[in-house]
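Participant: If you want the building blocks of each chain, they are given just below.
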Amino acid sequence: MLTFMLKRLLSMIPTFILASVLVFSFMHMMPGDPAAVMLGDSATPDQVQELRETMGFDKPIYVQFVRWFTGILKGDFGRSIFFYKPVLQIILDRAETSLFIATLSMALIIVVGIPIGMISAIRYNSITDQTFSGAAMLAASMPTFWLGLNLMLIFSVVLGWLPSSGFPSIVESGNLGNLKYLILPCATLAAPNSALIIRLTRASMLDVLKEGYITTARAKGLSEFIVTIKHVFRNSLITVISVVGFTFVGLASGTVVTETVFSLPGIGRLVVESVLRRDYPVIQGVILIIAVAYMIVNLMIDCCYTFLDPRIRVS
Amino acid sequence: MPKFFQALVKRKIALAGAGVLVIISMFALFSPLIATHDPMGLNPIERLQNPSARHWFGTDHFGRDIFTRIVYGARLTLISGSGVVLFSISLGILIGLLSGYYRQFSLVAMRLVDVVMSFPPLLLALALLAIFGPGLLNVILAVGVTYLTRTARIIFGLTLKIREEAFVEAVRSLGANNARIIARHILPNLVSPLIVQATFTFAFSLLQMAALDFLGVGVPPQIPSWGNMISEGRLYITRAPGVLLFPGIFIVLTVLAFNLVGDVLRDNLDPRFRDQLSGTRQ
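Order-wise, the sequence lines are chains A and B. Each residue of the first sequence is one higher than the last, beginning at 8 in the numbering used here. Each residue of the second sequence is one higher than the last, beginning at 722 in the numbering used here.
To be clear, the hints were calculated from the coordinates, so they are not data collected in a lab. Note that CB positions come from ideal geometry on N, CA and C, so glycine has one too.
Pair ranges (Cβ atoms, derived):
1) L881/B - V70/A: 37 to 47 Å
2) I161/A - I766/B: 24 to 34 Å
3) K81/A - Q825/B: 28 to 38 Å
4) K731/B - Y220/A: 27 to 37 Å
5) K81/A - A737/B: 53 to 63 Å
6) A114/A - R901/B: 49 to 59 Å
7) F232/A - N899/B: 51 to 61 Å
8) L828/B - L99/A: 29 to 39 Å
Produce the entire structure from the sequences given, and follow the hints as far as they go.
Facilitator: Structure representation (structure tokens):
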């Protein structure tokens, strides 16, 4: 088990280096002089030259990469062109909102998605199953931003129950009541991702139900409830956990849209703003951090696998 | 394929999905004939109207007819979706097949695919569009990269499976060279899983591209894409909810239709391949 985890951890290193190379080369795939592009049309040649020197664009490309990469290992992601502040600090300033949204949405997705998926599988092909599966299909086919705008229209504008935008910091004010600002964003984000979990929980439980050991469990007289919980669900759990990895990707993409719809001061909104401002160091930093986070999530999932399934542990 | 049509007729909901796709294609092919107004025609007097006999879906903030713009938007939807499918499937086949067939190639190519897949798709597309600028072709490529890696991985897995089958061994012993084995014996077996993958790629790439339009980095705002219509109309949703409602319904209908048809296709696929494909959004 330990050697497996160690091996897995080591295999992350080349992926991380490759990912950094890719993110770094993004900036250098730009047509034209990056310094000129960043400063826009109104910059004077002197300003361009100055930026080129401060960013090190006049050095050979591999020197630039080594400088950038060693910086990252020390936690230095460069400076934002727009804010004149270190990129890492800007990202950390925005982290609270995004972490709250991601955690709450993930909880919502698991609490809603897994039970519904289980019920659908147990009541296979019944009206209940068809209704849930249909709803899941519909939720997965909906643009996140459209769902968000609709919820905003109904619950904030027409009914006036919930705030439509913004999120005052909970950490600074200590006011847990601010969570009401996150109800609509989390619902928006959870809907399409729950659909994914519902479909996968259902599918993997249906697969397990066909196994011989389920017949055995029933044959020895166990109650249907015990069979479902102890045998079917436990065995399908492995598939479900792998979905958490997908969901992480879904959430990372989803927060970009959701934070824009509800004007929330999070990392997703930061990316969109940086793209529109051509603030490349920030884009690079966010993308690399999210990619690393995703790799870590995948690593943890692999560890869960080996823990849950002895068959993998042995092989 | 006839089996597929039988299944389609049996699953009525999927037949309805196919019907929706036919209607959308009609919109795209015969836009000028179906549209009731000029898609670009400004008419400030009739701005932000609710649906009426004159404007079936109402008008937007410039007084443009929403139904007309939806009809023209169908063109863009089908063009951009097909663009992503063509780009991702063709390169995905190439990379996946070569990686599955030649071990050494896979060491490099699949590693790269893994790395690209460790970036969330929308963020990757945003970064690429930040560098290469907006525009239809760039949007197609930026979104296509994500699906390219997925297709490549699926084809890689399938090729690994197929090349171990007895019939491949048999043709090799009859003297077929690698090129012939790939082209005549492996590729034909990949056709049906590829069709399924294309259907799901189409569906989910439409959602991605709509999101990019909404974020303001997709196709230029003057083009009546469904995503742009919602993005522009979002400030006026309280006065005329139609600007939000109708383009959104058409996005949902189209994506849903592709998903429903994709599901039927997958269920009728060779069971050996079924596990590798799932209609899940990632």
